[in-house]
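Those sequence lines, one after another, are chains Y and P.
For the first sequence, counting from 1, position 134 maps to 134 in the numbering used here; every step adds exactly one.
For the second sequence, counting from 1, position 333 maps to 648 in the numbering used here; every step adds exactly one.
If you are wondering where the hints come from, they were derived from the structure by calculation, not from laboratory data.
Fair warning: this is a prediction, and the values are worked out from it, not measured in the lab.
The beta carbon of each residue, even a glycine, is placed where N, CA and C say it ideally should be.
All clues stand as given, with none of them false.
Going by beta-carbon spacing under 8 Å, a handful of chain Y positions derived as facing chain P:
id : residue
1  : 9
2  : 11
3  : 12
4  : 13
5  : 16
6  : 17
7  : 18
8  : 21
9  : 307
10 : 309
11 : 310
Within a straight-line C-alpha distance of at most 27 Å, the following computed DSS-like cross-link-like pairs (lysine-lysine) qualify:
id : chain 1 : residue 1 : chain 2 : residue 2
12 : P       : 672       : Y       : 67
13 : P       : 672       : Y       : 15
14 : P       : 671       : Y       : 209
15 : P       : 593       : P       : 328
16 : P       : 671       : Y       : 15
17 : P       : 497       : P       : 507
18 : P       : 604       : Y       : 3
19 : P       : 593       : P       : 518
One letter stands for each residue in the lines below.
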Amino acid sequence: MDKLTVSVSPHIHYKINTSRIMLDVLIALIPAFITSVIVFGARAAVVTCVCVISCILCEWGFEKITKRENTIGDYSACITGVLLAFNLPVTIPIWQAVFGSAVAIILVKQLFGGLGKNFANPAITARIVMFLAFSVSMTNWYSPYESTSLWVYPIDGVAGATPLALMNSGNTDSLPSIMQMFLGVRGGSLGETGNLALLIGGIYLMIRKVITWHAPVSFIVVVFGLSALIGQDPVYHLFAGGLFLGAIFMATDYVTTPYTNFGRLIFGIGAGLLTVLFRVYSSYPEGVSFAILLMNILTPYINRFTETRPLGRVK
Amino acid sequence: MRRSRGISPPYNKNTASSTVLRLPIPAQVHIPMKMHSGKPAIPVVKVGEDVKLGQLIGEMGGYVSSPIHASVSGCVQSINDRDPVTGQKAVSITIASDGLNTLCPNIKRPNVRTLQEFYDAVRDSGAVGLGGAGYPAAPKLAIKNLEELDYMLINGAECEPYVTSDTNTMVADAKHVYVGVKLLMEFMMPKKVCICIEDNKTKAIQIMQETFAYDSNVEVCVLPTLYPQGERKVLVQNITGRIVPEGARLADVGVNVTNVTTVAVFARYIATGLPLIKKVVTVDGPAVKSPSNVLAPIGTPIRELFDICGGFVDEMPKIVLMGGPMMGYAQPSLDVPVVKTTNCLIACTDSSSLRKKVTACIKCGRCLSVCPMRLMPPGIETSYRTKNYEALKRLRVNMCVECGCCAYVCPAQRHLVQVIRLAKERLWLEGK
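Excised from the complex, chain P in its bound form:
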């Protein structure tokens, strides 16, 4: 088996053994209707309506969509057409908290006896791919040819630097991981379940091994620490040796990959009836006084998470990221809310490293040697600049997973991921 390629950035898993801080009930939450890929959810509450904790406030907007629930009890203050922070066109609901967190009376354990009921429960839990992609869990698990499902990979690789929220799930919420894996085995009957963890997370490996000590079908697979180990196609290649063909789904090679926290989320829903309304978020970075994991209601402004971690070293950080440093998104403001897929917040005091001068490509080939998808970033870049769309197709720019390894190693500091995103968009527009 050919080993996948990648990089070894400084991992900075400072919060791996930190206790989870509980955020006080926020005064106001701001819940976007699109925290997943696919169709946005549609609000089912009205302005001025009272909502309870865990109440459905956004119903699925299509098959590939996810329901959204109130993360505090209180009153719906406004339903916005535009995101108040970014100004982008996106529906969101603002709830003013009453500070009580009264549980919604409708919350009860779902009946899960058949596969369909299991899928329904996964859907109703609001679970989405919490590794970052946010693909709704229910359509992802709804595989047509279940008898051909050889591997169910539970992704706890967590290859991004800083992030420890999945580690936290495995260490502190092993019970729900266990329940979730058991449910998956019961209803989907994969031939084998692998809990995939990078070898730098010894505590998580130990606890998962103890948890699944008596399950012969469940193996804790320890992977070398190599970014992007948690990328699903990379994971499939490294665990099963199978290569997912271009354009095919993982199910086509008999594999399913589900994030470990996603598993815990729908397991909790099936066990308690509580949907996804809170998220453990790693708050770290050089600008944060005391980095920690924080349990935050979805919709909380990220400012409050930094505040509970002792605030910033300086008055104001220079750059704030949601997600890891390799694939996360730089945030324009501290008022943006925590969303379902938020696993990490990073604040840095210095943005100078990001403003390094871009120099000419010297064709050193470092980007080629680290690309896990074995693409050719220099060729893509040239083809994009010369508007050679045939070459972009030939070079399979659409297969790029945007892991950022190429830009990470580039000695000329070229913005390769940005160019690739632009090239993808350009191809999409051309195809329209």
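Only chain Y is shown next, with the shape it has when bound in the complex:
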């Protein structure tokens, strides 16, 4: 008897799957990871590994308990772990990093239904939760190379500040140079400082067609333009905070950002506006994560608003 498979068209598929996309994102994060280890030392690698492992364990454990299908193979938990670690200061106590990972995976992602269902970026939301819960250790900026005479760095040692915090307090004399900031030799979260490395990752993702230019470019351009407009130093706004990390890796997260290109543009512009607003007018020095979270919430509405116009649609 003939045994033929009967399936619905199309009968061929492009060689792509979710894991491959996520793997590309992980690859794109490698330069920034290397930069963080160079700038902040081995503890950066430890924090990253802790976050990744606890994210994977949380995902595995939650899915085991709720008898859901195991999805750690799609690498999305790995990415959440890396991105969360990149948002933490290198001095963060390990247990707090584990707590943050649990918040990201269980609270923000799995309780909403897992990959594809969460409305907010897990890493960003976990960072904000940690920021509010552990405000001391979350702002304990370790200043790289403070003891090396080769790298004269004006920020105080352990209790130093990020360039944005310095700008916020009006202490502009002790800011690092633009080149230092571009390369990542400054205080800050462990993955956000390496702007060059993040840029390389972003270009890789665009070449691999994993992300489109719309959200990151509009995000960065708006921050640059608006900060110049209101009389701030736009270059510092570009390199001094978590803008590149947010614009390239968070504002392009598929699940929590719009899926139309026009929507992505709106997302980037909105996030850029909010970032400058928070940075300049709020009591917090940094605004990227709040901006992205707020735009995450607006994403379903942006999607609805930017619905495509079918070819030849008649109203």
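Chain Y is already provided as a structure; the job is to place chain P on it using the hints.
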């Protein structure tokens, strides 16, 4: 002009320059009465009756219908209510061949002097849209406002991977394409005729350019190779820059699109009196030993076409498609017959790629960026699952041409075309 969207699958046009194998007269043919869209044909022969090659065996069941002719000479063995292969309710006629292929004495050239006689001839030829849709050619060509017909597009794009039967028509049957185009120009008087071919079919382009070298009204339009270039609305957009409004016919924007093989079919009928009883079918796919184009009588079991191509690499293929890999239909058995719209048969040794695990939609938007109709498959999918029929209407699920680009690029392997078909059906049932 905005360029249409689409995908570039591996084209695998392996049979583009193959010679056409002639199938020996099959022992039995099995001819369905519905090989076109519209009303099925009604059998006009009885069981036990002798039929000759080209004899009318099914008359039109309505205005949008097509006559059906015997593809072998022999004896009507049975008239079935149900399809013997699929078990579906469909009338079909089984003819046992006498192996002689005696030509029906009624076959003679039709008189074509007026537009009406031309339409009648197109109708009697049994021509239907051979690009795959199977819409009867006569009602399609019968445009009310002929003076507004600006473009007559002859569709030889053939964007589906593997398929080369239209290429074969253009290369090997250029004479009838020429006759058909001349007839269309004479009676329908379009302002311009475009032969539309994708740029990967250099031989067909060259021959068509040579054939129409002295016709200033006929242009061979070379299109970029991009699936679904041959989709009629996409073709109209890419050639003329006109966009067909939702629910409108192509004639409303002054365009007509006819498949190139369809043109050759009615041209042959007008030139020789021979209706559509044979079809060049591309037989290809990883499971086929020596892929080739095969000239097969309509109603031949597809098994015989594979046999003449050297059979299968393995004993039995895992999946057999009728039509291209993007829009073709998987067949349940090798006993299904070749029908008028069959342009390709594909056999694959491996069906594992079709059984990939479906994962969650990650909202990457790849489907949106390839949809030629600019629809939103994720929104449609969600609306279908949540039974939000208003949203399905708003998202214009009915405008989907089911080209399959969205499902092709989906990293989560979601069955988007299937969901869209279900959604269309659901909307139709709701509207009833």
